[in-house]
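Visitor: Chain by chain, the residues run as shown.
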Amino acid sequence: MKKLLWSCLITISIIACSTADDITLEAGESFTNTSTVIHKIDTMSVDFSTFKFDSIPFPTLGRILLGSYTDPIFGKSESSSYLEMVPQHYDIDDEGVFDSIVLIMGYDNYFYNDTLSQMTYNVYEITEDVKPADNESNFYNTSTLDYDTSILLGSHTFTPKPMEGDSIRITLNYPLGENIFNKIRDKDITDVDLFRDNFNGITIQPEYNDNGNFIGFTTGSDYTMLRLYYSVPEDISTEPQTYDLVIDNSAEPQTYFNHIETDYTGTVFENFQDEENTYSSTTTGNSFYLQTGTGIASKIAIPNIKSLYDLGNSGTVMDAYLKIYVSGANYSDNRYLSDSLSVYVLDRHQAISDALYDYAGNEIIAKLTSKTEFGETYYTIPLISYVDNLLNSDSIEDLSLCLLPEDYETTMNRIIFNDGNTEDFNAELVITYALYYDE
Amino acid sequence: MMNRIYITLVLIILAQIALSQTNNLTGSPYSLYGLGVFNEANLGKTNALGKSGVALESFYEINNLNPASLATMTNKSFMFDVGFTGEMDTYQNNKSEDSKWRTNFSNLAIAFPVSNKAAMSIVLTPFTNVGYELVGLETNVEGSSDLYTTYVTGSGGLNSFKANYGMALTDKINIGAGLEYIFGNIEETEVVDYDSNYLYIDRDTYYKNLRATVGFQYQPSEKFGFGATVKFPTSLHASQDIEVSKVIDLVEVTVQDEEELDINNFDLPLEFAVGFKKTFWNKLTVNADYRRSFWDATDQEDNLGSFKDQDFIGAGFEYLGNVRSFKYWDRVRYRAGLTYDNGYLSINQETINNKALTLGLGLPLSLKNNSFINVSYSYGERGVVSSTLTKENYHLLSINLSLENIWFVKSKIN
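So the protein lines, in turn, are chains A and B. For the first sequence, counting from 1, position 258 maps to 258 in my numbering; every step adds exactly one. Count along the second sequence from 1, then add 1000; that gives the number in my numbering.
Among the hints, a few may not be true.
Derived SDA-like pairs (lysine to any residue); straight-line CA-CA distance at most 20 Å [claimed, not checked]:
{"no.": "1", "chain 1": "A", "residue 1": "K40", "chain 2": "B", "residue 2": "S1196"}
{"no.": "2", "chain 1": "A", "residue 1": "K323", "chain 2": "B", "residue 2": "D1146"}
{"no.": "3", "chain 1": "A", "residue 1": "K323", "chain 2": "A", "residue 2": "V430"}
{"no.": "4", "chain 1": "A", "residue 1": "K40", "chain 2": "B", "residue 2": "V1141"}
{"no.": "5", "chain 1": "A", "residue 1": "K323", "chain 2": "B", "residue 2": "T1139"}
{"no.": "6", "chain 1": "A", "residue 1": "K40", "chain 2": "B", "residue 2": "T1139"}
{"no.": "7", "chain 1": "A", "residue 1": "K323", "chain 2": "B", "residue 2": "D1195"}
{"no.": "8", "chain 1": "A", "residue 1": "K40", "chain 2": "B", "residue 2": "Y1198"}
{"no.": "9", "chain 1": "A", "residue 1": "K40", "chain 2": "B", "residue 2": "E1138"}
{"no.": "10", "chain 1": "B", "residue 1": "K1208", "chain 2": "B", "residue 2": "F1183"}
{"no.": "11", "chain 1": "A", "residue 1": "K40", "chain 2": "B", "residue 2": "D1146"}
{"no.": "12", "chain 1": "A", "residue 1": "K40", "chain 2": "B", "residue 2": "E1142"}
{"no.": "13", "chain 1": "A", "residue 1": "K367", "chain 2": "A", "residue 2": "F425"}
{"no.": "14", "chain 1": "A", "residue 1": "K40", "chain 2": "B", "residue 2": "V1255"}
Derived from the structure by calculation, the hints contain no laboratory data.
With the hints as extra help, turn the sequences into a complete structure.
Guide: Listed below in C-alpha cells is the structure:
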C-alpha cells in the first residue's frame, strides 16, 4: 500500500511538471479557412446634399474679412466689417496738438480669389452702439449696423499684398480725429463709456468688384488700430507721438463682426430657403457644395448602412473611408481648396450636434490629396468610428455629417464636390467588413 | 475499507490536477479541426500493441479498449494505472518546418472486483487534445486584392471520465458496458491583421455529454479469443463564450462579449470495433483490431473539411519468455505493433491519415504481483506534405505504471 501511495505522489509531481510548447507553423493559405472572412465593399450608396445655415454666429476669435467678387457658380458675394475701436488709456499730454488719424490694418495672410485685382475700401462712421441685436447674444454673418453714409471718412484703392505685405493704411477725415483727440486731451472723455458716447466705431465697406478678392486682416491691437498722430510743442523729438484706438479682443460679446452679403440669382442656390431643407446632389448637377462665410454646407448621409448586416450579423468594420473628388475645373490657384475640412455631426434639423471623433478621441478631418499626375484631387474622411456608431444607432437621421473648413465663419472659400454619379472621379465609400462567425 | 477510501481520495486529487493540466496536450496543427486530435494513448500495454486490444483480457493490466475484459480480472486484486506521454513532433509543409517536445498526462485508472465474476474500472483520460498555433495565414479580402493576415492559436481539449463494468456471463463469454462523461473546453484565439487594424476573437467552447459503450468477449480457449465493442453515438452539447474586440488606430474597441451562447452540438459517431487474439507456444500473443467510426452519418461540417467514415486497423505482438523465470529479462514482455487509420476529415479531397509503428516493454516490478512499468515508443506520421496540408512526424514515448495489489490479502497483514 505504501508503494501505491508513493506512486501517487510521484504521479502528482510529474503531472504538475507537464510541459506543453505551442507549435508555431507557417501554414499554407488554405490549411485553415479561418472562420473570419473580410469583405471590401465600395457599392454602399451615399446621399450627398447641400443646405444653407440661416446665419453663422461670429466666433470669439474672428478676423476682419473684406472683399467682393462674383463666382461663376456661387454668384456675387461681399463682406464688410464693423469695428468698435477704443482707447487703451485716457492720458494725452495737455500740450498735445492733433496731427492726423490713420486706420492701419495688418494682413493675416488670408485671401481668396484674384489678389492682382485692385480694391477700394471706404470707411464710414457707425451711428449706433456696436451691440448685438436685441435678444441676441452674438453677432452673425447677417448682422448689420447703421452708419453715416454722408461722410466718407476715408477711402483707399490698392492692390492687396496679403502674403508679402504688412498692413494697409487709410488716412481718415481730420475732424473725426481732432474731435476724439481733443476730448481725451481735455479730459472730456475719461473712460470707455464716455468714449462710446462720442464715437461708436467704423465700418469698412469695400466697393463692389466683379473680379475682386477677399482679404483677411488681424484684429490684434499691435497690428490693427486707429492711430492718432500728434505733437507736443516743447518736445524736442522729431518723431510724432501716437495715440491708438484698438479692438478689444477680450470683449464679450465681440465688438466687431463681418457682414456677408450674397446674391444667388441665377445660381443653383437661388431657391435655397429654410436651413432645414436639403438639396440632393442629384438635383444640383451631381455636385454638392460648400461656401464658407455664407453658410452653404455639405451634408453626407449613409442611409442604407445597415445593409452591411446582409453579409452577416457577426461582423465588424475594420476600415471605412469616404473619398470625395473635386473636379479640376472647379478649383484654381486663386480659388484654392482648403487642405483640410472639419467633419461635424448634424441632427435631423441640420444643426451641428458635435464634432466627429475617431476612436482615439481626436477630431476627424477630411484631408486633401492632390495627385496631379492622375488629375485626381480628393478629400479622404476616415469613418470607422462613425460607421460603427451608425450600425449601433436606432436613429441614423440624427447622424448625418457636415463638412466645413476650420474657420468657416470668417472666410469666403468654396468647394464643389462630385457626388457618386458623375462621369469621372465619383465619390466612393469603401468599407472593409470582417465577418467572424459563419453560423 | 479505509484503504479504499484513502485511494479514492488520492484519485480525486490526482484527477483534479490532471484536469487542470489540459492545456495544449498536443501540438498538432491538425488539432485545429473538429474537437482536436483524438487521444489514442491508452492504458497499459495497448500503446505498444498497435493501439489494439479489443480481444485482450484484463488479467494483470486494465484493458480500457473493451469493458468486457474486466470480467477476466483476478478476484481480490486491485489495479492502478497511470500514464504519461512524451511527444516529439516535427511538422513540415511546403513552406516551413518546426518541431516541439512536450510531455503530458495520459491516463489515470483504477480497477477493482465487485464480485467473483465482475469488476469495475474508473478511467480518466484525455479525449481530445487541442494545441496549435498557426501564424501568418494570408487571405485575400473579398472584393479586393488586399490581403489580411491571420494568426490562430488553439488550446484545451476534452476529457473522458469513464466507468466500466465487466462480468463473466459464462466461462467463455464476457460482457461489459461503460458510461463515460465527456467534457471540457477548447479555446481558440484568432488575430486578424488588416492594414494595421486588428481583430481579436477569443472563443471558448464548452462541450459535455454522456456516451455509452458495450463490449463483448468470447474466449473458446485460453489461447484464442474474439472481442467486439460498440460505442453509441452521442451529441456533445456545446456552449460558447465569445469575446471579440478590435484595435482601430491603436485603440481597443469591444465588438462582442457574450457568454454561454448556444452553438451547434458536436456529434460523435457510432463506432464499432472487432478484434481477436491468439497465443502461440505459450509465449507469443498476436492480436488485431478493426474499428470503424461512422462519421458520415453525423452529417456535420467543419469550416474546411468534411467528415467521412474512419477505418482503423491495429495489430500487436507480445512475447513473454517465462513468467516464473528467475531471470528478469525472461519475465519482461516484449511488444510490437502497427497501426493505421485513414482519418475522419477530408480537407480539399485530402485525408489526414495516420500510421505508426509501436514498440514496447512490459517491465515487471515484482514477482509477487502483476505490477509493471510499461514503456512504449511509437513513431508515426500524420497527414501529407502539400500546399494545403502539413505532414507531422511524431515520436511518442509513453510510460504507464500498472500496479496491482492483492487488496484483501494485504489488509489482513496490516
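Visitor: For every hint, state whether the structure bears it out.
Guide: Hints and how they fare:
1. A:K40 with B:S1196: Given pair A:K40, B:S1196 holds - Cα atoms ~16 Å apart, limit 20 Å.
2. A:K323 with B:D1146: holds, 18 Å
3. A:K323 with A:V430: Roughly 8 Å separates the two Cα atoms, so the pair holds.
4. A:K40 with B:V1141: Roughly 6 Å separates the two Cα atoms, so the pair holds.
5. A:K323 with B:T1139: violated, 25 Å
6. A:K40 with B:T1139: holds, 13 Å
7. A:K323 with B:D1195: Given that 20 Å is the threshold and the Cα spacing comes to 18 Å, the pair holds.
8. A:K40 with B:Y1198: The given pair, whose Cα atoms are some 16 Å apart, holds under the 20 Å limit.
9. A:K40 with B:E1138: Holds. A:K40 to B:E1138 sits at ~16 Å (cutoff 20 Å).
10. B:K1208 with B:F1183: holds, 4 Å
11. A:K40 with B:D1146: holds, 9 Å
12. A:K40 with B:E1142: holds, 6 Å
13. A:K367 with A:F425: This hinted pair holds, its Cα atoms lying about 16 Å apart.
14. A:K40 with B:V1255: holds, 19 Å
This entry does not satisfy hint 5, going by the numbered hints stated previously; all others are met.
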